[in-house]
Structures are given as structure tokens and as C-alpha cells.
Amino acid sequence: MKRFLGFVKKEFLHIFRDYRTLFILFGIPVAQILIFGYAVSTDIKNAGVAFLDLSKDEVTQKLTDKIISSGFFKKTETLLNYNDIDMVFKKGKTKAVIVFEEDFGKKLINQGKASLSIIADGSEPNTATLITNYTTAIVNDFTMDLAGPVSNNSLRINPEVKMRYNPALKSHFMFVPGVITLILILICALMTSVTITREKEFGTMEVLLVSPLRPIQIILGKVMPYFILSFINVLLILALSWLVFGLPVKGSLILLLAECMLYILMSLTLGILISTVSSNMQQAIFISLVGLMLPTILLSGFIFPIENMPKIYDYVSSILPPRYFIVIIKNIMIKGTGLMYIWKETLILIVMTLIFIGLSVRNFKIRLE
Amino acid sequence: MIKAIESSGIAKSFGPTKALDDITFSVNESEIFGFIGPDGAGKTTLFRIITTLLLPDKGNMKVLGMDATSDYKELRKNIGYMPGRFSLYQDLSVEENLNFYATVFGTTVKENYDLISDIYSHIEPFRKRLAGKLSGGMKQKLALSCALIHKPRLLVLDEPTTGVDAVSRSEFWDMLSKLHQHNITIIVSTPYMDEAIRCDRVALIQNGKILSVDTPQNIRAGFSRKLFTVKSVEKYKLIKTLRKNPEVLTAYPFGDSIHVTLINDASDNFLLGYLVSEGISDAVIQEAKAGIEDRFLELMEKGIKA
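Chains as they are written, first to last, in the working numbering: chain A, 1 to 369; chain B, 1001 to 1306.
Isolated chain B, as found in the complex (with noise of 0.2 Å):
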């Protein structure tokens, strides 16, 4: 079976920064696959390697069986980007966009409606308007339809959620799981761990580093150690106490709760005399099932030390 991508060692530098360092990954045919990680993690640079927009200091990066270096040409009639700043011409309208990718790509927007139907159908009502004057989520959606409309075999989102409400975040990521059935590859980056589990397969980004390339599920059942979560209505006094012992390994704010990985993963008895020592009295403590993001930033921890 051949691999929609195959990197191997790519590497870049940007003057004293390394964006990229040594990012070995595959990316199978006709698969959701995304890139986890924070701001400033490398996700771009890797994105416009792929899309053959920058070329690797070092390394082999082979996208459909091309060379992105050498075969940029055909490679582009091929692939369908959406960059993080939605390109789209502001003040031309909606239609006029979506028309002016098509041309551009050689196609029209009648051939190859039924693949973006279900995207444009939501924008189609005001598709007299201007691109600038859409919000978020409609912007997206104009920006992923401009970049499907080719057909392209390759699809490349950097940041699609990025700035877009939660409710068109999920929507979204339907829409990406409808795109499955046309045979279509798509890597798409995101900063959101919740997204993650959305994906076929995740490659998890730190500091132009692959943590970690496998299933969302096996990235959580990764998860080495007891978690907790414990909750008070004072949580700044709570994470600095837990913090401060030091039986304490981890402890990391989400959402309304603190999820804590103990040294020895003692049992949580302890934890609950120690609070209560120290003056917290409501606090509730639970075994919980370990997310991804619980396995980034364990991963993240293990990193550093290395």
C-alpha cells in the first residue's frame, strides 16, 4: 500500500531556531491524521514542507509517491491547502472565491459540487456577501470549500478551529469524517486535545519534535501512571498546596478540576489528609481515565528531562 506522506528526517532551522528537528512519520492513504501541539511547536513548518511551500534543510519528504522537492509541479495540482490565516480575498464574495480557486485549479464549481456540497450548502444563502464581512465559522467553511474544489488527493488544514466557535468546531469535524468516503487524505493540525480524538491517528508536537505517532486511544491507554482529579471551589490555593508537597509529581489545571499524578501513585487517602491539613476542606478527590492531553504533557515532562 502506498503512504500518502513519508517523512524521514526532515529538518529545518530558521537563522539560531530549530523549527524542525529529525520528524520521521507516515501518513496512510485515505486517513484523518493530526498534529497535536502547541503554539509554536513546528506544526506550520512541517505544513508548508508537505505543501512543497518550503523546502527541508535536511531529509526526505515524499507526498503521493512524489518528491515534494523535485516533482513540486504536479505535486500542486494535487493538493488542497488551507492555510492558518484562511486565504481567502476579502473583498471579493463568496461565490466569487470559491469561482476564482476553481478556474485557477482548472475545474469549475459544477463538477465537483457534490463534494463540497455539504460544506457550501451552510454558506450558500450568502454567497453575495463579501468574504470579509462572514464570521469565523462561515469563513471556514468558504476556505475548506476553496480548498476541496479541485478534488484534490491530498488535504492539508493548519489550524481549521483555530479562532472558529465550538458548536462550528464540531461541525467541522463532521464534515471532515463525511470527506472520508471520497477517498481523500487529510492532515490537519490543531492546538486542541479535545480535537484529537477526531482523528484516525495523531503525531503529538513539541519544539519541532514527534512525542509520539499512534491512535488517540492508544495515545491515552499510553498513560503510565494513577490519575486523579480533585476539585475545590478555591483552586489557585489548591494547586499551589498540591504543588508544594512533595509526594506530589504533576499537577495541571482542567477546567473546573486539577489532574494529579502522585510519585510512588499512592493511594489517594493520603492526599485527602494532606488537603485537609493544610486548610482545604472541600476537597474531592477521584480516579479518572487519563486523556490525551494527560499523555501530551506527560510525554511533554519526559521530554524536558531527557
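The following block holds chain A by itself, in its conformation from the complex (with noise of 0.2 Å):
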């Protein structure tokens, strides 16, 4: 037991000596939320759009004013004809046009029936089906006001959507459980799989295993340090997204941080299993970052969803650990279920650590190769 606080007592030297380690550990997790959470957002606020006026009378002017009051649109210019279109678009500050027809209005009263065209930059995908539908929830919604209680001679079917869980769509709802997802994985998979390589690199490892140290004992004590820095990390993301972004934890905080623990525990170990494969710090983090950061974040369901990829992506990615681990992490944050909704997926997380463990012990060897 000596020996082994021994270890871990070295084991955090190296890491408090180390600046660059103690930066990814802390600076990288808070960067992330950060980063993820304001600039990478896919809620429109002040989306610059044009308009080109063909009829100019009232019902355009209040609809128009409607439209730019929402907040979720800022004018950008006035056009004058179908040619400033393309030349508006190519200014790149406007992200979509909307043009009303001639005599817009008087057709409106008197046909019960006018147009507008949306036209919006497809160049970028996201937002422009993003303004689409925000506009044309806004002119829905100005037809029926201007309408009002007169217009029952026809039938109507008004649906009324509201969104369960997070009722404004924020984004940080789904980003900070995939943050999580990312950086827990990534930080623990990729230190431990470092500090081991590490050793065999400098030749610290020969010693080591000539030492009366088990492996058991070489690979907790590789293990122990990271753990209990990535639990305080858990606890300083959740802090923060508290904090900044108002995200609460819906569900028991206990069960959340048993999972993360869960969690935690899995990527340090296969961290371990990858250093028992790698013989060097290059492989180790090639394989750490190549190998789980771009599925994690591709294929995990972080930010595409499962169900619309393709058949195979769905398999490849039921073998990712980060899949299991969002599900429960949102189904805890956002949805606050308990136990009993997503016992399915810590059980397989506890057989995949298990499994890792299984792999790491046979795997590490005993002497040199």
C-alpha cells in the first residue's frame, strides 16, 4: 500500500510540475464550454435581412416592422429592384431577402390571397432554414391577427407547438452535455495514455517493471490521479454552465456525478488499453485524438442525430462509448429521469470498463518486448 501512495504521490508531481498538462486539464474544458456554447450557437439572433418593396403600403410596412421587432432579424438595406439581390447577397451581411409583390396589400383585402418570397443565401444551410421557418412563423402569425375572429367561414386547423425540456430552443442545452461527453473522454483517454507512454519512452519503465510493483498497481496509480483531477473538471463544467449559461441539473445531481464517475473511469481506461498498444507519446495521442475525438463528435449523436444517419454509421457508432454517455448525461440534465430510463445504457458502459480493464491487465506486459 506504501508503495502504491508512493506512486500515486509521483504521479502528481509529474502532473503539477507539468504546465502544459495542468492547461489541458483545466484551461482546455472551460475554453470548450465557453467556445461551444456562445460561438458555436444555432439560434438566429439580429440575422441580417433585406427587403425589396414592390408594393410599399401599409399592410407591407406593419408586416415588415413585425418582422424586424421579433429580434431575431436586423434590416440590413432597402432594395429597389430584382437585380440588387445578388448583389446584396455577395455583400455577405445579409442572409436573406424578402420581396413583396406588387400591390401586396390592396390583393391581400380585396383577393384574400398575396405573396411574399423568401429568399434566402443558401450557402449556408442551418441558418437559412432557420430564418425560413422564423419568418414564416412571424407572417403566419400576422395573417391570423389581421384576420382576427372574422375570418371563421373557413375551416382552420391551428396547431400550437411547444418544445418540452427546453422550451426556447437553446442551444447550450445541447451542447454542454456534449461538452462533457467530448472533454471527459478525451482529457482521461489521452493523459493516461501519455503518462504511460511517457514512461516507456524515457526508460523510467524498465526500472519500474524490474521494481516489485504489480501492474495492477502501476496502472491504478496511473489511474487515481487523473480521476480524481477529471472528477473536480466535472464539477467545474457544471459550475460553470450553471453559471453562464443557466443550465440546471434537472434530475438527482447524486446520480449525475455517479455516472460521470462511471464515465471517467471508462475513458481512463481505455486510455490504459490504447497505451498498451502505442510505443510512443506521438501514438498514444494520435490515437487518442484521431481515434476518439472526431467519432466522438461525428458519430456520438453530440451534434448529428443518430437516427438520419445511414444504417452502418448507426453500428460504427453503437461500439462509441460517448453515444451511451449523452443519453444518460441529457436524459439527467434536461429531462431529470431517473435511474429506472436509463439503466440500459450504464450497464453497457459498465461492461465496456470492464472489458477495458480485462484488456489492459492481459495486455500489459511484464517485461519489455
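I should point out that these hints are in silico values taken from the structure, not numbers from a laboratory. If a hint is listed, it holds; no wrong ones were tucked in.
Sample of chain A residues lacking proximity to chain B, with all beta carbon distances greater than 12 Å (derived): (1) Glu58; (2) Ser123; (3) Asn140; (4) Asn363.
Pair by pair, the computed Cβ-Cβ distance ranges are: (5) A:Gly27 - B:Leu1055: 37 to 47 Å; (6) B:Thr1108 - A:Ile312: 57 to 67 Å; (7) B:Leu1055 - A:Val351: 28 to 38 Å; (8) B:Gln1181 - A:Phe231: 47 to 57 Å; (9) B:Leu1055 - A:Arg214: 16 to 26 Å; (10) B:Thr1107 - A:Arg17: 16 to 26 Å.
All values reported here derive from a predicted model rather than from experimental measurement. In this text, a Cβ means the ideal position worked out from N, Cα and C, and glycines have one as well.
Hints given; two lone chains; assemble the complex.
Below, the structure written as C-alpha cells:
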């Protein structure tokens, strides 16, 4: 036991001596949360919109005001003819142009029908879709107001949409759990795999092997400090997302932390497994970054829904631990569900952890190659 | 008397390369046993087999009476190993390195301080300094202290003096001699022939084979020919001229002179005349006593011919 504690103490010394390690451990998570939370936002706010009003009457003026005052859009320019549309897109600030046809107001009142076009910049498909959806919603709202209770001569079904759990559709709700998932697996796996391969590279592993330390002691000694530090990291990220984005934890905090511990442990054992198959630090870093980061971002359901992927990606993603953890953490944080609904995913993570531990201890070489 | 190491017929290959071939030798208890040979001779591989870090393909290795393959757990408690690259944690201080190795081996610095005090006292003033910032000689002393801290019965030193200055090298051998009193068997490898004389016995090793095992004195005495040293200002021309002559068996540069053996052990008078006729008039020829390196080169030559 004393040997083991001596080993753990040495690991802590390594971590605290190396500013880069400390930065990766604590700087990157904070930066990621802030970057993903603020910059990579999928909401629209003040999107540039230009207007081409060929009618210029009371109705178009009202509708224009309503669109601008919604807070989602900002008027960039008023155009005079169709030829200007291309030019205004090329300038780049305008994401969509709204065109009212001639005699818009008259037609609407006399014929009960008038047309407007929304021309969006398709080079940014996400923004374009969002803008057209928002504008359509505003226009629908406007026509209903205009028609008022008078127009009960025609049947109409009026769907009222409500977003459960995230009524304002804030993207932090999606990103914070995703970032926790990504950061934990990346840092835990990267750090442990690098620290073990470093011993190999500097030749200190040779002496550790000749020492009476058992493989399990070396492995646990490497895992322990990072387990503690990663757990502190989770607390830090949760506190940050609560303070900065006001993201609450709806479910049980204790359950959430317990699941995080499980996930951290899984990532750490994965890191050890990586270190047993790589012979130097570069290889370990490469496997951790390329093998874990990209699949986690692209295939775990973090950004792109798995349901929409071709079946083959679905199969690939089913071996990725982050896929299950994302379900768990979203359920607890946002929906507030209990263990009853996530026991399957939890069980999968436990099994994965056990497999990784088994493989690492088996692969850990008690001799040099 | 139990032997500290008994090796019989050890062979080890890495792919097509034969690193060790039929290595058989034994080391007595509490002797300093040296392995002398050039880089790539197989010294490190042999040491890794002795320290249970590698498994031999063939043969039997008994260390401290234990089998290096099956009893590796028990054996590892009794070995102090200093690999070729000093395995110190560069980002830990001198003191932290020593404390770490002490706890890992289940002891404390205090407990065995008398064993390392001679060595450690040299670096103790720098005990707060990071190991990565030490000079080569100090790193070597720290690595030796770390290897000794658990009072091993066998100390394995792989090229401990490589990359260390001449003064530190000689100091280092003085320390090893002192360790003798503590009943520790030491095996040490080195590419430097001049260090062989500090060992009780040496094994000359080349291309994975042991050429000879004996005391340094006997190895020198084994030299079978008359040896001459030849000196001249124009050393390069001298060696070329000497090698041209069919009577000359070998001519190797040694420091500022050239060691020469002749095929029929002919007298040196002939040599002087030959050199003068080739335009080297300042040559000084003396008969000399062979060193270990001379014997090593002779054995190598024979090995190649055989």
C-alpha cells in the first residue's frame, strides 16, 4: 500500500510540475464550454435581412416592422429592384431577402391572398432554414392577427407547438452535455495513455518493471490522480454551465455525478488500453485524438442525430461509449429522469469498463517486447 | 559456493538478427564482472535477460539461484538495475527521485543511507534540483543511488560511464570498488577498454558471442605476439604505409601511436628500414606490453577468420 501511495504521489508531482498538462486538464474544458456555448450557437439573433417592397403600402410596412421587431432579424438594406438581390447577398451581411409582390396590400384585402417571397442565402443551409422557418412563423402570425375572429367562415386547424424540456430551444442544452462527454473521454484517455507511454519513452518503465510493483499497482497508480482531477473537472464544467448559461440539472445531482465517475473510469481504462498498444507518446496522442475525438463529435449523436445517419454509421456508433453517455447525461440534466430510464446505457458503460480493464491488465507487458 | 549468475547456452534473436548466440558464463558472488564490447555487441540484451526484462529464446539463466524466467517476481526484489539511459524522472528533483525509488522498493532512504552515503553525498547539495538539470556525472551518481537504495544483492549497470566525463568515470569506478565491502555482486558493461582493468573478471563480447572470460591480467597475458608501438608525426600516412607491407599482420591506431604486429614476429629493425624507404624518417619504434584492447582486437580478428 505504501508503495502504491508513493507511486500516486509521484504521479501528482508529474502533473503539477508540467504546466501544459495542467492547462490541458483545466484550461481546455473551460475554453471548450465557452466556445461551444457562445460561438457555436445554432440560434439566430440579429440575422441580416433586406427588403424589396414592390408594393409600399400600409400592410407591407406593418409586416416589415413586425419581422424586424421580432428580435431575430436586423434590417440591412432596402432594395429597389430584383437585380439588387444578387449584389446584396454578395456583400455578405444579408442572409435573406424578403420580397413583397406588387399591390400586396390590395390583393390581400380584395382577394384574400397575396404572395411574398423569402430568398435565403443557401450557402449556409442551417441559417437559411432557420431564417425561413422563423419568417414563415411571423408571417402566419401576422395573417391571423389581420384576419382576426372575422374569418371564421373557413375551417382552420391551428397547431400550437411547445418544446418540452427546452422551451426556448437553446443550443446550450445540446452543447453542454455534448462537451462534457467529449472532454472527459478525450482528456482521460489522452492523459493516461500519454503518461504511461512517457515512462516507456524515457526508459523509466524498465526500472518500474524490475521493481516489485505489480502491473495492477502501476495501472491504478496512473489512473487514480487523473480520476480525481477529472472529477473536479466535471464539477467545474457543471458549475460553469450553470453560472454562465443558467443550465440547471433537472434530475438527481448525485446520480449525475455517479454516472460521470463511471464514464471517467471507462475513459481512463480506455487510455490505458491505448497505451498498451502504442510504443511512444506520439502514437498515443494520435490514437486518442483521431480515434476518439472525431468519432465522438461526428458519430455519438453529439451534433448530428444518429437516427438520420445511414445504418452503417449507426452500427459504428454503437461501439462508441460517448453515444451512451450522451443519452444518460441529457436524460438526467435536461429531462430529469432517474436511473429507471437509463439503466441500459449505464449497464453498457459498466460492461465496457470491465472489458477495457481486463484487456489492459492482460496486455500490460511485465517484460519488454 | 553459489554462483551469482549462471548462464548456459543463452540465445536471443530479434527477427533475422541474432543478438545473442550461445552465451555461457558464470559470475561469482560479490565480484565485479565486466562485459566489454563495442556498441551492438549484445550487452544490453544480455543484461535485460539477466534482469528478467526479456525472455531468452534458448538456454538457461539462473540469477542469485533463481530462474530468470519462472522466478522473476522474487528475483526482481533483489536486483538493482541501472539501464543505459539513466532512468530518472527528469521533472522530479534529486531527492524526489530517490524517495520514489525507495518507497517503490519498500524501503526508506534513511534505512539504507550508509550504503549510498558515499555516492549520494556528492549530489546531496543539489537535492532540490530537478534531475533533468543535472550534469551527466551527477545524473549517473543519482541513478546509481536509486539502483542501490533497496540494498540489492545484485547490481546490474548497463554502460554506466557512457557520456560521462573522464574524472567522473574514474570516481565512479572507485565507488564501485567500495561497494565490494557490502557483499554486492556487480555486473557492468562498458565500451571502454581501459575500464576493464577495474573489474575482477571480464568477458569480451562481440556480435552476440563471448570471445573470452578471464581476469584482466590473464586476458592481457593471452596476447600471443610481439607488439610494437610506432610513432610518427604523419600518422595517417604511417598507418597506410604499414598496412601496405605484407609482413605486417595488424596495424591499429591507439591514441597518438600505432600498435603493430608482424606475421613472423620479425624484428623491428626491418620495420624501421621499410618506413624510411617509404619516406617516413621520423618513426620511433618500441616493443610494448599488450593491453586488453590489443587482445580484444586479436580475438576479434581470429573470430572473423574462424
